[in-house]
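> What follows is the residue order along each chain.
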Amino acid sequence: MTTPVLEVSGLKKHFPVRARLPGGARGVVRAVDDVAFSIGPGETLGVIGESGCGKTTMSRVVLAAIPPTSGSIRCDGEEIVGAGRRTLAAYRRKVQVVFQDPFSSLSPRMRVEEIIAEPILAHRRLGKAERRRRVAELLALVGLDPAAARRYPHEFSGGQRQRIAIARALSTDARLIVLDEPVSALDASIRAHVINLLRDLQARLGVAYLFIGHDLAVVANISHEIAVMYLGKIVEIGGRDALVETPLHPYTKALFAAALPSLPGEQREEVAPDGEVPSALDPPSGCHFHPRCPFAMPRCAEIAPVLAEHVPGHRVACHLYS
Amino acid sequence: MAPALLEVTDLHAEFRNRDGGAPLSAVDGVSFDLHQGETLGVVGESGSGKTTIAHSIIRMLPPGGRIAGGSIRFDGVELTTLPARDMRRLRGAEVAMILQDPMASLDPMFTIFDQVAEPARYHRGLRGRALVGEVADLLRQVRIPSPKQRMRDYPHQMSGGQRQRVVGAAALAGRPKLIIADEPTTSLDVTVQRQYLDLLKTLQRETGVALIFITHDLGIVAKVCDRVAVMYAGRMVEQRPVERLFHDPRHPYTQALLRAMPKLGSAEPLFAIPGQAPNLAALPRGCSFQSRCPQAGAPCLAERPPTVALGLRQEVQCHFAEGAPS
Amino acid sequence: MADAVAVDNPPRRRLLPRLTSLPWIPLVFLSLLIVGAVFAPLIAPHRPLDPVAVTAAQCKAAYGQAFDGCYIKDDPPFFIAGSIAKTLLGTDYLGRDIFSRLLYGARISLFVSLVGTTFAGVLGTALGLIAGYMGPIWQQIIMRLTDAWLTLPPLIFAILLSTIRGPGIGNIVIILAVVFWCGYTRLVYAEVLSLRQRDFVLLAEINGVSRFRIMRRHLLPNVLNTVVVYFTLIVGVAIIIESILSFLGVGVPPPEPSWGLMIAQERDGLLEGKWWLVAWPGLAIMILVLSANMLGDWLRVRLDPHFQGP
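Protein chains in written order, with the numbering used here: chain A, 1 to 322; chain B, 1001 to 1326; chain C, 2001 to 2310.
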């Protein structure tokens, strides 16, 4: 069995909340609460969840931008948490990121060439000719004219900027790219271009993706495996086809129910949940979803369910299945 | 047939070009109408002009923009020539608007009560107990639990979905005949969006208000709209009832948009509309969609496509609307 | 590959706007002043420090008799009746040509204000960047210092410094830098605070880019817009401060033709109705400051990314 590119286990990130006034609420925000998954080389793990589910915090921890409270992150078998400078530097080269907003992820006063080459330059020197060649190569990979190198970001449209961001992410021959809602800010007709590009690049270069999104259809299109997060925990994780055909967790079903129809008059049988995502500062006891769950049992308010394998390759954290 | 509530005819809106030179045409000869109780979806991507139409109707174009021609008749009154004072009376009372970001629509310094009460106080003259009762009713209508208590809260004490409902309540407070909603669910979570859209439909049934729903998402259109207008580069390329649009799209752009919608469960490469988004400062002669259209022919390069009527209140702007060059 | 076609980009936004939307009035005036200052030796009809040469006949007309070392004091401009030397703008109390002195004075005013404001800008911007990005300790030290410094009223502070350092062009430049750096710091600090939350900075940090490089390549270029606009506004203030200092006698020392000094020396002439002695240097200051402000205003609007479009 091949070593996964990224293997995360027991990952936690807690933020202490200081009391504003004496006697005020003190607490801990469990933004990421015992998360585990693994991504094989050239595969895509899609992460779906709504606001407050912790997917953004998790991506920052995976990127080593913030340290985890506890847990393990292994890249190609090597432990990253608590590792030394050299290991971390190597890790930063292997794991890159593409952000959601194409208008703020490129430095406005830097030429495209410099933007794309920056991750390499952060680690080693590059001769001018070599840099130019590499940048031209990357621009071609993402479907942009090499002449774009001399231009500035504001001369490009949103979709083109995301391509530049992707080219930048590929510059260090990354093994894994974290894609944080990469197409959410793009127009519908452009989204397809970028998603298809990502798929092509994966086939060509064997790069793995951690694809974070909120649009079920888009995430399902490109992922091999999908994880559903709710208030810091993964509530369901499994292969794309299995999850889409037979979602197990009530929250997953709710997400499907809430997905917009593709034709007028299309009805979904799944029941939509009431209310909204509760505050991460004071989550409900037991299973965090129980107040909104149409199938809630008394047990759900007391004991938090554990992520367990229901069918091989398909895990769910719900008392309905234990 | 009852006269239309809103009749827009050949509307032109343009923006001053920041670098000097010819102004940018954001809305280029758009015509449509809307009846009481109807929901019209205006679909388009960024730069298509859909938001500019909304701003033109309420005459609040951003600096540098102006209505360059055409007519907007609302309830029999011509809006483009209405004096500013009368226009102000109209806004909030007859026509209300819901914006995308509830945090920007609500003033953080005032309570929910203040903000929902304002249109009712200003336009309908309600005061005192009657006003409080009205605000409570409105909050109840938008399904905010315990309205009498919650009306004393401030916006930051509420969640995103609740805030957007409060914005809806404020929009209804003036008892408008028309509400324009500009991408109201873009900043909401998926499950919250579903609840909000259901709510809008219910409110429309209960109050009979007409709704213009501006969005870039065809899925939303499928869920809430009765009729749809598709915008491309400032022109309305297709206008159909929602069923017809989805089952029998006539304009190549509409067809492409529908194909590009990712279908849940499919892992196939998505259909990508070839070419670039239109550049409003350099639109080609003839049809603006020519460089991306699989059916483009000689007439498309030379002449602006005609508006072809496909039935009652159904139009498409294309040289090949009937399947043969016109 | 999705679509590997040549990119059809939106046309590049012109760096310079079309001719009709440039701010002509301030540009014309500023150009005239700069040209006048730079080419003063070529343009000035007379030498600024020496009295205008007079003929015996002129001397006789002025004083009744010709004598050596004669100069025409307080001569009106040529277009006013009673003018003897027929100079463009008149002569001052020592018979020196006012127009020539204005030109040479432009050199001083422009030099002092531009250089002083630039020094202030460089110092202030650097401190603002460090305060905003290098961590809480630097932030506290620099911003407390800045806040304290900002409470000092610029003019009084400048006067105080000039009494310590004495008159002289070099000293004025130093004084201007010392008085004005803190405005830049506060401005840049605020910008840096918001910039460092932006994705592109976050991304550079994730990539392990050094803090110095982030400040230099990501932060500095993006605060320059604001700095440049602030610069044009401060230049106007600096000129006025320099003029006041010279007026009070603690700025540019005589006989150098500083505009402020020219006004100071001719105060009495005004009482006698000889308005030209004071009006020309006063007008010059006003035009320069107004033009700088108008240019700054135009720049502010032009460089503002929040300008709305369709």
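Don't read these hints as lab results, they were simulated from the structure.
For each residue, glycine too, the CB sits at the ideal point set by N, CA and C.
The reader is advised that the hints may include incorrect statements.
Coverage of chain A stretches by chain B, computed from C-beta distances (three or more under 8 angstroms per stretch; other residues unrestricted) [as the list claims (entries may be wrong)]:
1) 207–220
2) 251–263
Chain A residues, not near chain B, derived (Cβ > 12 angstroms throughout) [what the hints assert, rightly or not]:
3) Ile48
4) Cys53
5) Ala122
6) Leu126
7) Ala136
8) Gly159
9) Thr172
10) Arg191
11) Ala192
12) Ser223
13) Leu243
14) Glu266
15) Ala296
16) Arg299
17) Val306
> It remains to establish, for every hint, whether it holds in the given structure.
Verification of the hints:
Beta-carbon proximity to chain B at under 8 angstroms applies to 6 residues in the segment 207–220 of chain A; the threshold of 3 is reached and the given coverage holds. Counting residues of the segment 251–263 of chain A whose C-beta sits closer than 8 angstroms to any C-beta of chain B gives 10, which meets the bar of three, so the coverage hint holds. Not every beta carbon of chain B lies more than 12 angstroms from that of Ile48 of chain A, the smallest distance being close to 9 angstroms; the non-interface claim is violated. A cut-off of 12 angstroms between C-beta atoms contradicts the statement that Cys53 of chain A is not in contact with chain B; the least separation is 9 angstroms.
Listed as a non-interface residue, Ala122 of chain A keeps its Cβ farther than 12 angstroms from every Cβ of chain B; the least gap is roughly 32 angstroms. The Cβ of Leu126 of chain A lies farther than 12 angstroms from every Cβ of chain B, with a closest approach of about 31 angstroms, so its non-interface assignment holds. With 12 angstroms as the threshold on Cβ separation, the claim that Ala136 of chain A sits away from chain B holds: the shortest Cβ distance comes to roughly 21 angstroms. Not every CB of chain B lies more than 12 angstroms from the CB of Gly159 of chain A, the least distance being 8 angstroms, so the non-interface label is violated.
With a cut of 12 angstroms on Cβ distances, Thr172 of chain A stays outside the contact zone with chain B, its closest approach being about 27 angstroms. Separation of Arg191 of chain A from chain B is inadequate, the least Cβ-Cβ distance of about 7 angstroms not exceeding the 12 angstroms criterion. With a minimum CB-CB distance of about 4 angstroms to chain B, Ala192 of chain A fails to clear the 12 angstroms threshold, and the non-interface call is violated. For Ser223 of chain A, the shortest C-beta to C-beta distance to chain B comes to about 9 angstroms, within the 12 angstroms cut-off, and the non-interface label is violated.
Annotated as non-interface, Leu243 of chain A brings its C-beta within 12 angstroms of a C-beta of chain B; the closest such distance is 10 angstroms. In this structure Glu266 of chain A is not separated from chain B by more than 12 angstroms, as the shortest Cβ-Cβ distance comes to only about 7 angstroms. The claim that Ala296 of chain A lies off the interface holds: its Cβ sits roughly 16 angstroms from the closest Cβ of chain B, which is beyond the 12 angstroms cut-off. Separation of Arg299 of chain A from chain B is adequate, the least Cβ-Cβ distance of about 24 angstroms exceeding the 12 angstroms criterion.
The beta carbon of Val306 of chain A is kept farther than 12 angstroms from every beta carbon of chain B, the shortest such distance being approximately 24 angstroms.
In summary, the numbered hints that this structure violates are 3, 4, 8, 10, 11, 12, 13 and 14.
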